[in-house]
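J.: The lines below spell out each chain.
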Amino acid sequence: MSAPAGSPHPAASSRIPPKLGGAAASGAAAPAGPGPGPHQQNGPAQNQMQVPSGYGLHPQSYTAPSGHYSQGPEKMTSLPLDSQCDDYYSGLYRVPTQNVVTPNTASPQPGAQQMYGSVPPAPHVVGSTLGSFQGAGSSASHLHTSASQPYSSFVNHYNSPAMYSDNSSVAAQGFPSTCGHYALSTVSNAAYPSVSYPSLPAGDPYGQQMFTSQNAPTVRPIRDNSFSGQNTAISHPSPLPPPPSQQYHQQQSLSGYSTFAWSASGLPSTQDNLIQNHTSLATANNPTNPVADTLSCSVMQNVQPPKSSPVVSAVLSGASSTRTPAASRPVEPLASVARPSELLQQKGMQYGEYVNNQASSAPTPLSSTSDDEEEEEEDEEAGVDSSSTTSSASPMPNSYDALEGGSYPDMLSSSASSPAPDPAPAPAPAPAAPQPSKMAKPFGYGYPALQPGYQNAAAPLNSGVPPGSPAYSGFQQYAQQYPGMNQLSSSLGGLSLQSSSQPESLRPVNLTQERNILPMTPVWAPVPNLNLDLKKLNCSPDSFRCTLTNIPQTQALLNKAKLPLGLLLHPFRDLTQLPVITSNTIVRCRSCRTYINPFVSFIDQRRWKCNLCYRVNDVPEEFMYNPLTRSYGEPHKRPEVQNSTVEFIASSDYMLRPPQPAVYLFVLDVSHNAVEAGYLTILCQSLLENLDKLPGDSRTRIGFMTFDSTIHFYNLQEGLSQPQMLIVSDIDDVFLPTPDSLLVNLYESKELIKDLLNALPNMFTNTRETHSALGPALQAAFKLMSPTGGRVSVFQTQLPSLGAGLLQSREDPNQRSSTKVVQHLGPATDFYKKLALDCSGQQTAVDLFLLSSQYSDLASLACMSKYSAGCIYYYPSFHYTHNPSQAEKLQKDLKRYLTRKIGFEAVMRIRCTKGLSMHTFHGNFFVRSTDLLSLANINPDAGFAVQLSIEESLTDTSLVCFQTALLYTSSKGERRIRVHTLCLPVVSSLADVYAGADVQASICLLANMAVDRSISSSLSDARDALVNAVVDSLSAYGSTVSNLQHSGLIAPSSLKLFPLYVLALLKQKAFRTGTSTRLDDRVYAMCQIKCQPLVHLMKMIHPNLYRIDRLTDEGAIHVNDRVVPQPPLQKLSAEKLTRDGAFLMDCGSVFYIWIGKSCDSNFIEDVLGYPNFASIPQKMTHLPELDTLSSERARSFITWLRDNRPLNPILHVVKDESPAKTEFFQHLIEDRTEAAFSYYEFLLHIQQQICK
Amino acid sequence: MEAVVFVFSLLDCCALIFLSVYFIITLSDLECDYINARSCCSKLNKWVIPELVGHTIVTVLMLISLHWFIFLLNLPVATWNTYRFIMVPSGNMGVFDPTEIHNRGQLKSHMKEAMIKLGFHLLCFFMYLYSMILALIND
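Heads up: the sequence lines are chains A and B, in that order.
The letter at position 340 of the first sequence is residue 347 when you use my numbering, and the numbering goes up by one with no holes.
The letter at position 66 of the second sequence is residue 458 when you use my numbering, and the numbering goes up by one with no holes.
Hint data in this document are derived by calculation from the structure and do not stem from the laboratory.
The C-beta atom is built at its ideal place from N, Cα and C for all residues, glycine as well.
One or more of the hints may lead you astray.
[Stated by the list, open to error] List time: in silico DMTMM-like cross-link candidates among lysine to aspartate or glutamate, alpha-carbon distance up to 20 Å:
id, chain 1, residue 1, chain 2, residue 2
1, A, Lys921, B, Asp425
2, A, Lys1138, A, Glu958
3, A, Lys569, A, Asp1019
4, A, Lys1186, A, Glu1142
5, B, Lys504, A, Glu958
6, B, Lys438, A, Asp845
7, A, Lys921, A, Asp938
8, A, Lys841, B, Glu492
9, A, Lys567, A, Asp1039
10, A, Lys1228, A, Asp1128
11, A, Lys567, A, Asp1147
12, B, Lys500, A, Glu1142
13, A, Lys1186, A, Glu1241
14, B, Lys435, B, Glu394
15, B, Lys500, B, Glu394
16, B, Lys504, B, Glu492
17, B, Lys435, A, Asp845
18, A, Lys841, A, Asp740
19, B, Lys500, A, Glu958
20, A, Lys757, A, Asp845
21, B, Lys500, A, Asp938
22, A, Lys569, A, Asp1223
23, A, Lys1164, A, Asp1223
24, B, Lys504, B, Glu423
25, A, Lys1138, A, Asp1238
26, A, Lys921, B, Glu423
27, A, Lys1143, A, Asp1238
28, A, Lys1164, A, Glu1142
29, A, Lys1259, A, Asp1031
30, A, Lys1164, A, Asp1147
31, A, Lys841, B, Glu443
32, A, Lys569, A, Asp938
33, B, Lys500, A, Asp740
[As the list claims (entries may be wrong)] Just so you have them, the derived chain B footprint on chain A, three or more residues with Cβ under 8 Å:
id, stretch
34, 838-848
35, 925-931
36, 1103-1115
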């Protein structure tokens, strides 16, 4: 530890203890990395990855970080501080006198203004829902289905439309009429990442959209049930000419899956489940329905008044009787005949469930029409017997029907006197429109094959029913139910806790006795206990997650549960599919400005009720046009209402000024230290390669500044023969020498820029300047950027030592492993914070690349990025030759950084249902007002967290919704709004709250809170708070919910990983004590915790360990013709490391491959390419491409893991005896270290605390 | 002499009352989103020291003039003001930090604090007024 304690001079030579250096390297390996991919193991996820072009697999080399690189400083001689650059490159650059004096204020750049304004947003629409792909991906899901119930539906969520695009040919069979659309959507999907939206003839802005949204609903029913590629593979090939039968077939097989997946306890057969389903459906109309009983009954009562008109039921039963023969899967010729009846029957079922769910989820603000239900119940009863006796396939088509056209019958049947349990101005029975004809048309349009049958079915209904008011139960997304066992079993399992069946997530687990607490498969987000329909519509957990998927009714209940309540957001995630909506009026609530979303309720055709503030709004005229069917009067089928993640192209109402161009400014440290480290070469090279890929349009501008003790500007104005360097040495009062020509158009001055980039690395090779005037350089950058806003990328290699914002070394190396106080986690000065706020005000974000070999006070420097919505990258011990792995990492990261999507001048607003309020935000941004986050830039790798509190009791609602709206300017100069909406149920019992706990989200939120706590209070406080979080919640659970009097430590199954994760957090670099941790590393880990999205953060906290020397194809998934083995997860304990094995640890930003001493020599030879263990080198960062099966498997597995994240992790091969293994062993968090508990000890500790 | 002390205290107290009201108004503006956090905090931070000084002066004055009861009444508030001012972390921009004011219910606690101070100053106001009149009569 010879680092200069307290030496104010950064140039003082210092050496990093090897161990530390290495540790640092691993920690900084992958700074920001939310990827498009959701969870690592998610089949769909990795599929998703393949579509976006930005990130391929870049094998990354990383030589083992035996990091003592005494960098530049040592070679430094004492330097004349005033050395001018003239000496070095006067030949190249005409260096004006000391100061180039030109108008020194930043005059607004006229050119820029002119450039604004054009680019009329073409009416483009990319339709499509989430997720593309299915085939292989879904088999992954299949793999896991048995594991956990949440998982299956999670997958559901994901796979969704994918299937369609991928299997468009198959789909075509199934849906001849729509095959074209499918194909189309596939194309558009592919195109999306590069932001090319197929623009349509202006006359018909909805053309494409229509397809897609049509696509989406169609897809849904199947999607739900389709779990696996195999499944689809089975069903699809069967060439059943009549489309519907095809569907049936498909769905049948699928249904098998869904049941399988959903029956959490045991796996009842499909049939069983079905029957069960039906029976419960049948009982649904019974007021004393057990399900309904256990659940909130107020609604039930509303619903139940037995008003069902006998007429209706008679008619319906008639219909059903006709259908009975056809109920079994229709043979082709029969198809047309069978259709109506089937549909009808299904309708019945659907309604039955509707009732069920109506009861269970008790949709508060629903204007649900009770009459519908009655009829439906009747209907359903009629249908049940037939369906239950027939094949298991029959229910599924229903759902299909229900999705697309199912709402019609509702409309038709709903009588004018619908007593909606709606607190809002009751929907005056709308004038009974001539619905039948109207509906028939659109329906038929979309699905000609179905149409006749449907119409037939509808006709009797209609005739039997009093002229139906268009009550649109179909609109009421809550109410609209689709049959499916998922939903049923979940509603049975999850909601009716009081009844005997206890959901899996509440199963008490004795932690001290359960030895293998970590599941073999990755942990998935629990699925909110909503009805199937809402589940389908709900936002993907990758973008939007809540720590409690069952929101407690009151703050008191929440306090009792002792669990944190908050949201985790990843709003700008790379999505392969995203419905983009162009429309003149963006429909929003007039009082709370919520965007219309799938969870609003339509009171009647003309009005909708906001799901956040319950205000009733008018549906604007334009919204009445349904692009789906090109028909009028179907607002509930608009894509806004069918997708919980949509993107709007905003009109000029959403602009305060013309959309800014993409502006990039690079501020580079060129002091001796920086030149020694050699990052300039890598940066310039990377920039040269990616210059054309920088996101932007023809207005894109770019500029460069360098600084040491002076600030150098580069005039790149078009017309110059070579770049012109302007030096400003007056760092106390920085001015811009030629404000107009420093940021230049990328395309007009490309040659000059390339010249500069080629020259830059060599320009400063002989510099003797050791000082770094970062503060003044940033001030200059701010001045330069303030007219437009944009992105400033700062590369810094040492502690700023001159001018404003200079910092002193605060780290005391002797305190690195202190178990007591860790000081200086907060900033030393408010200079960077102020600067960041100034920048944020001018829509400028500052991204910091810190490449330092010694303490650089990241805690202070990070402020410039934290509050300006930038990102932070840290490369400890960076040196381009001594530390090639870091160099390669920088290169890879830069590639991603330069080419990833970017949004400018963004704001994000998070809204939630009345009664909830947000009180603390985590992430990189500036909170401008209570719920408005100001984000100068938004990038796809940024995650956010929000803490919530319950201000008012939520007793009068059964669902709460959260909406984030991210308004940004795309790099193409379009103003866009990305909206995510999440819907969660409200529960009143403590058991339900525990049942819905999302342990991963909770941990991430706790980590964020702990970072705050350690900065504002102290690290030990934060650690105590973490331990207390476990102790409190488990003791609260033990004393209230579980009535088992065990001696052990009891946790609900949903929280069984809670102690493990908290222990992992305590051993995380950010919070650990006792282990030597450099201050910058610690601070960087904290920054990461704050701004990483959940998926990546979880790997940082709790790495995944796999055994890879015996990879088999068992359970493997297929991704793009590659077979990716899926080894089980091992727990992070040395007991799992056998000497004859090889293990891969995935820490998010680093991969370690640990090779046991007596590892199978076949593995070493086949995979590593060395004859035996002894010959494996100490530093190995790549797996050779060998032509053996095991090598192929290992590589494809690692590639697949890498694919799931945007930043490339470095791979280290660690031999059992190599010194680098300490790093590897640090991550084995279940083991005991000198300074920390083992997992079992930790459990005992918790138990002790609880008993106290 | 005593009258002069109380007249001065009274004026000072008036100023503090106005300051408290100003704090409350500005904070509620922020709450209602009429101004942004940045301008709110820079506005308020300007007045933190004057408030501190104003209140300390009265407290000291009471100590000097040997009004023990009033001094003891003022002491906790003066201590709190000073403590709050000293404990601002080095990285923050003042007692009111725009980046944190929306976090952890800080806005609410600031508001509460301003309200309490307002009440306290009003109480003091009448106390000084009474004492002043008493002193004038005695003279």
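J.: Taking the numbered hints from earlier one at a time, note which ones the structure violates and give those numbers from smallest to largest.
T.: 2, 4, 10, 11, 12, 13, 14, 15, 20, 22, 31, 32, 33, 36
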